[in-house]
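Under this note's numbering, residues 3 to 326 are what the sequence shown spells out, in order.
Because the hints were derived from the structure by calculation, they are not lab data. Hints may be right or wrong, so weigh each one.
Computed Cβ-Cβ distance ranges for the label pairs, DEER-style [said to hold, decoys possible]: (1) Gly-296 <-> Thr-179: 21 to 31 Å; (2) Val-180 <-> Arg-317: 38 to 48 Å; (3) Gly-101 <-> Tyr-205: 46 to 56 Å; (4) Arg-317 <-> Ser-39: 41 to 51 Å; (5) Ile-191 <-> Ile-274: 25 to 35 Å; (6) Thr-172 <-> Lys-192: 23 to 33 Å; (7) Ile-58 <-> Ile-297: 16 to 26 Å.
Computed list of lysine-lysine pairs in DSSO-like fashion (alpha-carbon distance at most 30 Å, straight line) [unchecked claim]: (8) Lys-257 <-> Lys-320; (9) Lys-257 <-> Lys-194; (10) Lys-319 <-> Lys-257; (11) Lys-192 <-> Lys-257.
We put the CB at the ideal spot given by N, CA and C, even for glycine.
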Amino acid sequence: MKLRSCVAPSSCTAHRSTCSPPKTSCKPLADRRKRRSTVNFLLEPLTFEFMQRALIATVLMAVTCSLLSCWLVLMGWSLMGDAISHAVLPGVVIAYIVGAPFAVGALVAALVAVTLMWGIRRGTRRIAEDTAIGIVFTTLFALGLVLISATPSHTDLNHILFGNVLGISTADVLQITVLGLLVSAVLLIKRKDFVLVAFDPNYTQAIGLRPHIISGVLLVMLALTNVLALQIVGVILVVAMLIIPGATARMLTNKFSRMLIIAPIVSAIGSIVGLYLSYYIDVSPGGAVVLVQGIIFTVVYLASPRYGLVSTWVRGKKTKTQVM
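Model the full structure from these sequences, guided by the hints.
Right, dumping it as structure tokens:
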């Protein structure tokens, strides 16, 4: 009797041989490989400690900035956020020169900027609020640039301008965590007072609250938020993290309570995607994070079901057709 030899199939077509082929296909194997490659794609950056620290710090920064962003957008304080983010530069440079922590210099400069803006605005009615903001932040930012140019070695200062999230230490992550939790707690605990000031300062004063004090607390939170965001996206781009998440959430809902939920989620997702993007295509992490946030806003601006440009145009066209 002749024994028929069996050869292991090398492909899916070989399974059709006469050697009792298994009744399975290559599709499950391809699916497993695809899932494995996806898992590797997600986990590979996390095998490096610097990426772990960067991811934690970036998400904390994104959530904190997005919460504050809701009030800045609601109150029309976008220029204020831009001003303080630029005004911290001289404080950072001076801290570098004297050997002090950058965060201390940034916080002092931010508080000085807030005080100057407040003082100019309260000192005379002939200077509008946006004018006072423009004067203070451009002057302080120019001072920072002059100090940088006068500093012999300013490599570390460039990191403050453009961010250096991949170079942060465990101590930096701890500092960002503490500041982020502090700012988020104050914003959420006092959210009703902040909302009252945003919508009706006169009513706030009528019920016994002090709108100027509440606004001052919000400005201090803005200063602290700038400090924690400096090393991640830098002085120049931090304003984007203070404006874009709130603007995106406002395009998706008309309820402030929902904005406080949507903005952190969208901002955190955008920050994670941006960080992964910077890892795989080797670009600036801060720039990638802000770019993704901007892309998300653009998509929402165009495609938001209620307030998007496309849906608004379609509703307008339908209304025009019905009238005709």
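For each hint, the structure was consulted:
1. Range check, Gly-296 to Thr-179: Cβ separation about 26 Å, and the 21 to 31 Å hint holds.
2. Roughly 47 Å separates the CB atoms of Val-180 and Arg-317, a value that falls within the hinted 38 to 48 Å.
3. For the pair Gly-101 and Tyr-205, the beta carbons lie near 49 Å from each other, so the given range of 46 to 56 Å is met.
4. A beta carbon spacing of about 43 Å between Arg-317 and Ser-39 agrees with the range 41 to 51 Å that was offered as a hint.
5. One distance hint, 25 to 35 Å for the beta-carbon pair Ile-191 and Ile-274, holds here, with the actual separation near 27 Å.
6. The beta-carbon spacing between Thr-172 and Lys-192, approximately 31 Å, falls within the hinted interval of 23 to 33 Å.
7. Between Ile-58 and Ile-297 the Cβ separation comes to about 23 Å, which falls inside the hinted range of 16 to 26 Å.
8. Under the criterion of a C-alpha separation no larger than 30 Å, the hint pairing Lys-257 with Lys-320 is consistent with the structure, at around 26 Å.
9. With a C-alpha separation of about 13 Å, the suggested pair Lys-257 and Lys-194 falls inside the 30 Å cut-off, and the hint holds.
10. For the given pair, Lys-319 sits about 27 Å from Lys-257 by alpha-carbon distance, which is consistent with the 30 Å threshold.
11. Restraint check for Lys-192 and Lys-257: satisfied, since their Cα atoms lie roughly 17 Å apart, inside the 30 Å limit.
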